[in-house]
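S.K.: Could you put the whole structure together from the sequences, leaning on the hints where they help?
Those protein sequence lines, which keep their order, are chains Y and H. If you count the first sequence from 1, position 319 lands on 319 in my numbering, and the numbers rise without skipping. If you count the second sequence from 1, position 10 lands on 10 in my numbering, and the numbers rise without skipping.
Calculated directly from the structure, the hints in this document are not laboratory data. Hints may contain errors.
[What the hints assert, rightly or not] If you want the footprint, here are the derived chain H segments under chain Y, 3+ residues with CB under 8 Å:
no. : segment
1   : 85 to 92
2   : 103 to 115
[What the hints assert, rightly or not] Listed below are several chain Y residues computed to face chain H (Cβ distance under 8 Å; list not exhaustive):
no. : residue
3   : Val31
4   : Met35
5   : Leu37
6   : Val285
Note that CB positions come from ideal geometry on N, CA and C, so glycine has one too.
If you want the building blocks of each chain, they are given just below.
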Amino acid sequence: MIDIGANFVSELYKSLGMFIPETVLVVTFVVAIIMDLIFRKYKNIAAFTVLAGFFVTGYTLFACNSSGYAFSQTIAINPFSQFFKFIILLTSIIIVIISFLSKELYAENRKVGEYYSMIAGMTFGMFLICSSTNLILIYLALETMSLSSYVLAGYTKEVKRSSEASLKYVIFGAISSGIMIYGISIIFGLTGSFDLLAINAKIATGNLSIAPLLVSGIMILAGIGYKISAAPFHFWTPDVYEGAPITITAYLSVASKAAGFAVLIRFVLLAFATPISQTQPVWQVFAGIDWKLVLAILSVLTMTLGNLSAIWQTNIKRLLAYSSIAHAGYMLMGLVIMTSAGVLAILVYFFMYMLMNLGAFYIVMLIANKTGSEEMDDYIGIGYRAPILAGCMVVFLLSLTGIPPTAGFIGKLYLFMAVIDARWIWLAVIGVLNSVVSLFYYVKVMRNMFIRGTDKTEEPLQFSRVSIVIALILAGANIYFGLWFEPIVRWVNECVKSLF
Amino acid sequence: MLTDFGIILIFFIVGMVFVAAGLITNMILRPSHPNKVKQSTYECGEEAIGSPWILFNARFYLIALAFLIFEVELLLLFPWAVVFKELGWFAFIAMLIFAFILLLGLFYDWAKGYLDWDKPEPIIPKMKDLVIWNKD
Numbered sequence: 001m002i003d004i005g006a007n008f009v010s011e012l013y014k015s016l017g018m019f020i021p022e023t024v025l026v027v028t029f030v031v032a033i034i035m036d037l038i039f040r041k042y043k044n045i046a047a048f049t050v051l052a053g054f055f056v057t058g059y060t061l062f063a064c065n066s067s068g069y070a071f072s073q074t075i076a077i078n079p080f081s082q083f084f085k086f087i088i089l090l091t092s093i094i095i096v097i098i099s100f101l102s103k104e105l106y107a108e109n110r111k112v113g114e115y116y117s118m119i120a121g122m123t124f125g126m127f128l129i130c131s132s133t134n135l136i137l138i139y140l141a142l143e144t145m146s147l148s149s150y151v152l153a154g155y156t157k158e159v160k161r162s163s164e165a166s167l168k169y170v171i172f173g174a175i176s177s178g179i180m181i182y183g184i185s186i187i188f189g190l191t192g193s194f195d196l197l198a199i200n201a202k203i204a205t206g207n208l209s210i211a212p213l214l215v216s217g218i219m220i221l222a223g224i225g226y227k228i229s230a231a232p233f234h235f236w237t238p239d240v241y242e243g244a245p246i247t248i249t250a251y252l253s254v255a256s257k258a259a260g261f262a263v264l265i266r267f268v269l270l271a272f273a274t275p276i277s278q279t280q281p282v283w284q285v286f287a288g289i290d291w292k293l294v295l296a297i298l299s300v301l302t303m304t305l306g307n308l309s310a311i312w313q314t315n316i317k318r319l320l321a322y323s324s325i326a327h328a329g330y331m332l333m334g335l336v337i338m339t340s341a342g343v344l345a346i347l348v349y350f351f352m353y354m355l356m357n358l359g360a361f362y363i364v365m366l367i368a369n370k371t372g373s374e375e376m377d378d379y380i381g382i383g384y385r386a387p388i389l390a391g392c393m394v395v396f397l398l399s400l401t402g403i404p405p406t407a408g409f410i411g412k413l414y415l416f417m418a419v420i421d422a423r424w425i426w427l428a429v430i431g432v433l434n435s436v437v438s439l440f441y442y443v444k445v446m447r448n449m450f451i452r453g454t455d456k457t458e459e460p461l462q463f464s465r466v467s468i469v470i471a472l473i474l475a476g477a478n479i480y481f482g483l484w485f486e487p488i489v490r491w492v493n494e495c496v497k498s499l500f
Numbered sequence: 001m002l003t004d005f006g007i008i009l010i011f012f013i014v015g016m017v018f019v020a021a022g023l024i025t026n027m028i029l030r031p032s033h034p035n036k037v038k039q040s041t042y043e044c045g046e047e048a049i050g051s052p053w054i055l056f057n058a059r060f061y062l063i064a065l066a067f068l069i070f071e072v073e074l075l076l077l078f079p080w081a082v083v084f085k086e087l088g089w090f091a092f093i094a095m096l097i098f099a100f101i102l103l104l105g106l107f108y109d110w111a112k113g114y115l116d117w118d119k120p121e122p123i124i125p126k127m128k129d130l131v132i133w134n135k136d
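M.R.: So this is what it looks like as structure tokens:
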């Protein structure tokens, strides 16, 4: 019997106090819709409302950093979830800002009110995922996020490719969330609980039969793997990334992946593993199923498939889609080893990945604004027509490959160091080989921009000063954090400690 | 040893066998003389025109969605009403916010013109365009 009355209400008040950033996001979402309805003359009123809301959210996120459980143990507020919320919020803010510059979004006097309010709704869903520790809430939060992202993927609805992307996204999404909730129901049948910690305690007793546990675990991994586009659940990624508006492609490839990784790390470590001791930063999987091996297979499949498919792409959005699949594979390596160094590496990698991937998509958007094309062949000679932007693109591509003075190098360094420290040498070797393969297709873009097409004399492309400044800031951040990464690592270290 | 689910499984199997046995015996024993009138669709004595595979107006879905939201709201209001006295003002305000958000959805529909069934310039579809089959 749940206690109803004064205690219940006071506990709700306490929970709401810890839930302020999410509450602000919901209010932002509602206010943005109202503003859009009332002030119809001002096209971007919703965008400014959402932007203001995001800044308030960011303030509350850091102002009230109490940690603990809220809403009858379904939500965990701690530095780990705070880190991912920070990544998601920063991505959302950058996406809203670069959306102002998108030509395809504002084409034909399109109404964009819903676009911005949907971004606020999606951010809310992702915030919820980052802190939920209850399987039902995880499912609900995933759906909250997915519903907005389906709409956003098809926002330029008169473009056939975009509608197709949206429909594919919905169908794949419905199937994978169906599989996931079936897995959740089996786990509930086995352990009698939706709470990750309670499930962990039940599995720790060792009385459960192995087969249903394995099946349900893989089913839930399929649902989450869909979100982080891990092979073999990645089939939607290239088509959706190609069809969706570029801003949304960038958003999906960073923010929605961050939310997926947050829930994946939490789910695997909280439900299926246990820290060896309070002092040792290593997790141990329960006897019976070797989850490390399952994750290792997923990781190797994901990065190999992503990299090998990216080689053949002729559309730059598809190329970046496959590259983002490959990056998900690298990051999965950090989870395979199940040490705090591994989780730390994932978090550091994510911060760097956000900078480089957003930058690369941003340049693709700016160039598509002018040339109207995302084909690799249309990048021939861009290095001479738009030298500053092409220079920034080189920084982003080098960062994605992981070449030293850039942020991507630091991410990869920590990741491979953690994997080698944990004695998974073969995994590290496959990872390094994959990085070498990735160099090939990133260089192909650079070659098209600078080496080919020098004989062509086409008009130089003109870009507004604001758009160039944003590109320079993003490129600068890539180099800055490649050299001065220590504060990030120190912060992430604090976040990882909260997982114990 | 049968668990509770084992009994259900037996029910399930027996039920399927029971239905299948009836159908198969019928199929073996009955006379079979099909003709055109017998095989035609019976629709309240009316003669069927065209095919049921026509395109529905998408506005039906919008109206259905708006209806569904308030239907679900009603469902959630009931448990609230039961414990209303114990929870007091907190629950009252929470429910007001909830109802306000739903109402906002209705206003949104209204302002965007999704509730007007008659659009200013209706395009009246022709029957022969709606039917996918039998186009000739």
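S.K.: Take the hints in turn and mark each one as holding or not.
M.R.: Against the structure, the hints come out as follows:
1. For the segment 85 to 92 of chain H, the proposed coverage by chain Y is satisfied: 5 residues have a C-beta within less than 8 Å of a C-beta in that chain, meeting the threshold of three.
2. Here's how the segment 103 to 115 of chain H fares: 4 of its residues keep a CB closer than 8 Å to some CB of chain Y, so the rule of at least three is met and the hint holds.
3. Interface hint at Y:Val31: violated, since its Cβ lies 10 Å from the closest Cβ of chain H, which is beyond the 8 Å cut-off.
4. Because the beta carbon of Y:Met35 sits about 12 Å from the nearest beta carbon in chain H, more than 8 Å, this interface hint is broken.
5. Checking Y:Leu37 against chain H: minimum C-beta separation of about 5 Å stays under 8 Å; hint holds.
6. The closest approach between the C-beta of Y:Val285 and any C-beta of chain H is roughly 30 Å, which is over the 8 Å cut-off, so the hint fails.
In the structure shown, a violation is registered for the earlier hints numbered 3, 4, 6, in ascending order.
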